[in-house]
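K.L.:
Kindly generate the complete structure, drawing on both the sequences and the hints.
Protein chains: 4
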Amino acid sequence: MAGSKFAYVRNFELPDPLLPGTFMVLRLDGHAFHRLSAEHDFVKPNDERALQLMDHAARDVMNEFKDIVLAFGESDEYSFLFRRSSNVYNRRQAKILTTVASLFTSSYVYHWQQYLPNTRLKYPPSFDARLVLYPSAKEVRDYFAWRQADTHINNLYNTIFWALVLQGGETTTQAHETLKGTVSKDKHEMLFSRFSINYNLLPARFRKGSILVREPIPSETEAHADPGMVLPDVSAVEPEKKPRVKTTVVLVHCDIIGDEFWAAREYLLAD
Amino acid sequence: MAGSKFAYVRNFELPDPLLPGTFMVLRLDGHAFHRLSAEHDFVKPNDERALQLMDHAARDVMNEFKDIVLAFGESDEYSFLFRRSSNVYNRRQAKILTTVASLFTSSYVYHWQQYLPNTRLKYPPSFDARLVLYPSAKEVRDYFAWRQADTHINNLYNTIFWALVLQGGETTTQAHETLKGTVSKDKHEMLFSRFSINYNLLPARFRKGSILVREPIPSETEAHADPGMVLPDVSAVEPEKKPRVKTTVVLVHCDIIGDEFWAAREYLLAD
Amino acid sequence: MAGSKFAYVRNFELPDPLLPGTFMVLRLDGHAFHRLSAEHDFVKPNDERALQLMDHAARDVMNEFKDIVLAFGESDEYSFLFRRSSNVYNRRQAKILTTVASLFTSSYVYHWQQYLPNTRLKYPPSFDARLVLYPSAKEVRDYFAWRQADTHINNLYNTIFWALVLQGGETTTQAHETLKGTVSKDKHEMLFSRFSINYNLLPARFRKGSILVREPIPSETEAHADPGMVLPDVSAVEPEKKPRVKTTVVLVHCDIIGDEFWAAREYLLAD
Amino acid sequence: MAGSKFAYVRNFELPDPLLPGTFMVLRLDGHAFHRLSAEHDFVKPNDERALQLMDHAARDVMNEFKDIVLAFGESDEYSFLFRRSSNVYNRRQAKILTTVASLFTSSYVYHWQQYLPNTRLKYPPSFDARLVLYPSAKEVRDYFAWRQADTHINNLYNTIFWALVLQGGETTTQAHETLKGTVSKDKHEMLFSRFSINYNLLPARFRKGSILVREPIPSETEAHADPGMVLPDVSAVEPEKKPRVKTTVVLVHCDIIGDEFWAAREYLLAD
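Chains as they are written, first to last, in full-length UniProt numbering: chain A, 1 to 271; chain B, 1 to 271; chain C, 1 to 271; chain D, 1 to 271.
Simulated from the structure, these hints should not be mistaken for lab results. All figures in this text were calculated on a predicted structure; none of them were measured in a lab. Please note that the accuracy of each hint is not assured.
[Unchecked claim] Derived Cβ-Cβ restraints for the label pairs, each shown as a range:
| no. | chain 1 | residue 1 | chain 2 | residue 2 | range |
| --- | --- | --- | --- | --- | --- |
| 1 | D | 4 | B | 200 | 57 to 63 angstroms |
| 2 | A | 271 | C | 202 | 38 to 44 angstroms |
| 3 | D | 17 | C | 11 | 41 to 47 angstroms |
| 4 | A | 158 | C | 265 | 48 to 54 angstroms |
| 5 | D | 123 | C | 200 | 46 to 52 angstroms |
Just so it is clear, CB atoms sit at the ideal spot from N, CA and C, and this is done for glycine as well.
P.N.:
Structure (structure tokens):
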């Protein structure tokens with residue numbers, strides 16, 4: 001074979017398997033999205049269309065990767081949780097990272113027009129990604145709590161900041177100055193007293209972020225569902241042959257810091 | 001801070017720096033491009049429009065990453081060479097891999113319409129990527145020789161294969177059978193005697209692949225060029241302050257297995 | 001500084017931290033111990049003196065590394081379990097691996113004379129080591145069960161094998177032949193019927209291996225103990241300041257496959 | 001098999017191959033050798049016996065690992081260079097690191113008595129080790145230059161420091177104070193004017209460190225040599241079958257910062 005004398009270069013490709021038995025969390029971040037949102041006139045403080053586009057791209061990723069059981073999105077970032085026992089691509093790190101980052105990006109560009117029909121995409125946007133391993137369920141819950149707490153903090157700040165600018169007539173510099181040293185309670189009050197905004201009545205999407213969760217489908221509706229998740233089945237008679245449960249991906253905007261969300265979905269962290 | 005009690009989860013993010021002083025080669029591969037080319041009626045054996053789209057996406061990557069000095073593309077894959085001393089993103093592996101894979105994909109989807117104006121893209125295509133380190137110039141040359149030899153082998157096979165099918169009326173199964181056991185010389189002769197095709201006169205793009213090479217621009221034309229490459233400058237009086245040379249990315253379809261290409265561009269492997 | 005222009009070579013030292021929140025298990029194996037045991041006339045099938053020397057070296061390691069809570073030894077190998085939250089050497093892999101391997105080896109050579117007073121050590125013996133991460137308590141238990149099951153299998157085989165050779169007059173080749181295809185029950189019976197050996201009455205050290213376990217010392221005897229383990233303390237009023245409990249390292253030769261051992265020492269896998 | 005249901009724990013052992021085509025440099029460092037030298041009354045500023053013991057242990061390592069072509073020792077540290085194409089243990093990092101660290105330590109303890117016959121070793125000493133990859137010959141040379149420059153700086157300081165203490169009657173605190181701010185030239189002069197010591201006439205071992213270099217043996221003396229190094233043989237008629245050259249390990253105390261040492265031994269960095 002003509003190429004065989006060069007094929008030794010493949011020996012430099014080193015294996016990169018991720019530790020089994022751990023939860024993989026992959027987080028995507030928009031690259032230079034300050035510029036992207038400025039150049040495409042994203043609505044401030046939140047552009048619902050752009051957030052929906054992110055959700056769409058994330059859903060496309062989950063439809064392709066059945067081992068992703070949960071995703072959380074806010075602003076220009078999205079985190080994906082693979083179930084603990086996932087053996088996707090034999091847990092090869094670069095393969096997983098790049099395929100997810102590529103597919104998400106592809107879907108984002110592909111569906112742009114659908115969500116922002118009157119805004120031409122001026123140039124190709126991109127994302128980076130990292131993959132973190134968590135050994136236990138506790139750390140996974142704390143990871144998602146960390147991201148949702150971040151959503152809350154950022155959104156509260158941005159909401160009052162842009163109210164000061166867009167409704168209050170302050171410059172962005174003045175608005176930063178106005179908010180310096182304020183705590184959460186101050187911001188709530190300022191929003192209400194100066195702008196008649198009750199923060200807690202704002203759309204849950206902005207306050208809580210987007211949660212895409214894979215849920216099993218009762219068997220009578222199976223026909224319409226994606227095949228997917230292997231649910232841990234304690235009562236199974238044949239432990240070797242777990243029934244492959246039809247699943248669907250549901251979008252919610254609820255609290256994931258407390259116990260309720262997780263208690264209702266123990267399978268997320270079970271296996 | 002509300003999120004601070006969860007912030008410990010960041011401790012699970014481990015560093016992933018790549019060994020300094022080595023050449024990074026990043027190779028992208030299309031994910032399920034057999035299906036993509038079938039569903040979008042790519043011309044066989046080569047669809048020039050689809051190849052030009054790949055080249056465009058690769059060029060966008062090189063315009064963003066000035067440390068990439070060379071790229072080689074064939075079919076649905078593209079390889080990028082970073083100069084040896086590159087410190088892009090502090091040589092963090094996941095960051096480099098995902099940003100390049102994402103940007104390439106983004107550009108591919110973004111420019112699809114421009115190259116295949118009459119073919120609606122039916123779904124978001126994706127790529128995976130891997131990154132390999134090569135310690136010396138010899139291995140880098142052999143890597144690119146390996147890919148170009150592969151281009152030659154595949155293209156010769158595909159050219160005669162599709163001639164047998166499209167012009168010779170064979171089924172794909174028959175064509176595979178016809179070619180079983182043939183060597184390169186047989187294929188050349190079969191192409192010429194049965195289909196009057198002189199393989200060596202086929203477009204160089206198909207036979208040699210696409211080479212995107214970063215080249216310095218003579219100073220009088222600097223104004224139109226991208227700033228970029230730091231060329232090794234042996235004669236520089238101040239060794240600490242190398243002049244930043246304006247560069248441009250040139251597309252060629254030439255031999256890169258022999259010495260000529262490299263001898264004319266010693267800077268590619270110098271630094 | 002004279003050396004400063006060379007100091008850049010330190011940049012090639014890459015970080016190698018191990019994932020937090022996982023159990024580190026470090027396993028040492030004797031290098032070429034077939035030869036070592038042959039050249040120093042180790043008693044067959046088990047040389048108690050050599051096993052005690054291994055135990056001594058392992059204990060020295062545990063006295064130095066307070067985060068090791070359990071060790072298991074058989075033949076020429078020893079496994080060490082670090083508590084899950086250990087931050088020894090900031091979890092740097094090479095540092096942990098080499099320091100433990102070096103100290104164990106050093107102690108082995110240092111104390112040789114004490115355990116084999118009439119056998120001069122003919123040359124320096126060595127060990128290799130590997131480090132494996134386990135995310136959960138279940139896997140840690142299964143790891144130690146795997147090693148103890150291995151001890152059982154090997155020891156049963158070696159016991160009957162050497163009985164055939166030393167008492168039965170078979171050559172080693174004949175003995176291997178005699179044992180081919182026999183299962184556990186056959187070996188037990190052969191031992192009893194031909195050599196009047198009741199396997200279950202053989203020393204527990206040979207049948208179960210050596211378990212070194214770190215145990216807390218009741219406070220009245222604290223003065224004689226090594227300070228060490230930080231025990232998880234559910235009732236602590238000040239969660240930030242766990243009392244440092246005095247511990248001691250105890251040698252036992254008991255079953256660690258079943259639940260009893262672990263149920264009596266929940267702290268081993270707690271933290 | 002009794003243990004088979006636990007054997008899955010082996011899946012957590014991940015591969016750790018080192019990049020091919022790079023020079024591996026392994027550096028050992030004494031663990032807490034300040035205490036070791038104090039408790040065993042090492043001669044100040046240099047204890048020739050202890051240094052010879054280090055050299056002996058390093059030589060034992062080189063006799064075992066034929067791919068180590070060079071070693072450099074000073075004080076309580078030793079660096080080993082593997083030839084670039086070494087495939088020892090399939091370049092598995094943990095295996096190489098721990099075996100070398102263990103063997104060095106073993107030899108150190110084993111031969112202690114021989115070099116310090118009147119000093120009983122009070123406890124088992126230990127070493128740690130790290131492994132660094134260098135892509136090119138230049139970096140390897142600079143690595144060894146870095147260590148030898150360090151030897152010079154430390155030894156000059158220690159020589160005058162201990163002269164001030166042992167001959168000059170200063171306390172260690174006073175001696176540090178006396179030397180504060182002095183440059184190399186000052187120290188040379190102080191040594192000569194106050195203690196009549198011509199630094200350049202001190203033993204080369206102290207000033208230059210210990211270099212153990214693998215050298216080929218002319219064929220007529222082959223019988224007495226260790227088989228070892230595969231020398232790159234440009235004139236070989238059969239390139240696939242390089243003659244295995246007998247080698248020996250030679251101890252020298254010469255300059256390795258300049259070109260002379262390396263120019264006389266091009267094979268060290270050739271392959």
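K.L.:
Hint by hint, say whether it matches the structure.
P.N.:
Okay, the hints, checked on the actual structure:
1. D:4 x B:200: 57 to 63 angstroms: For residue 4 of chain D and residue 200 of chain B the Cβ distance comes to about 60 angstroms; the hint holds.
2. A:271 x C:202: 38 to 44 angstroms: Check passed, 42 angstroms falls within 38 to 44 angstroms.
3. D:17 x C:11: 41 to 47 angstroms: At 22 angstroms between Cβs, range violated.
4. A:158 x C:265: 48 to 54 angstroms: 51 angstroms, holds
5. D:123 x C:200: 46 to 52 angstroms: Violated - the Cβ-Cβ distance for residue 123 of chain D and residue 200 of chain C, about 40 angstroms, lies outside 46 to 52 angstroms.
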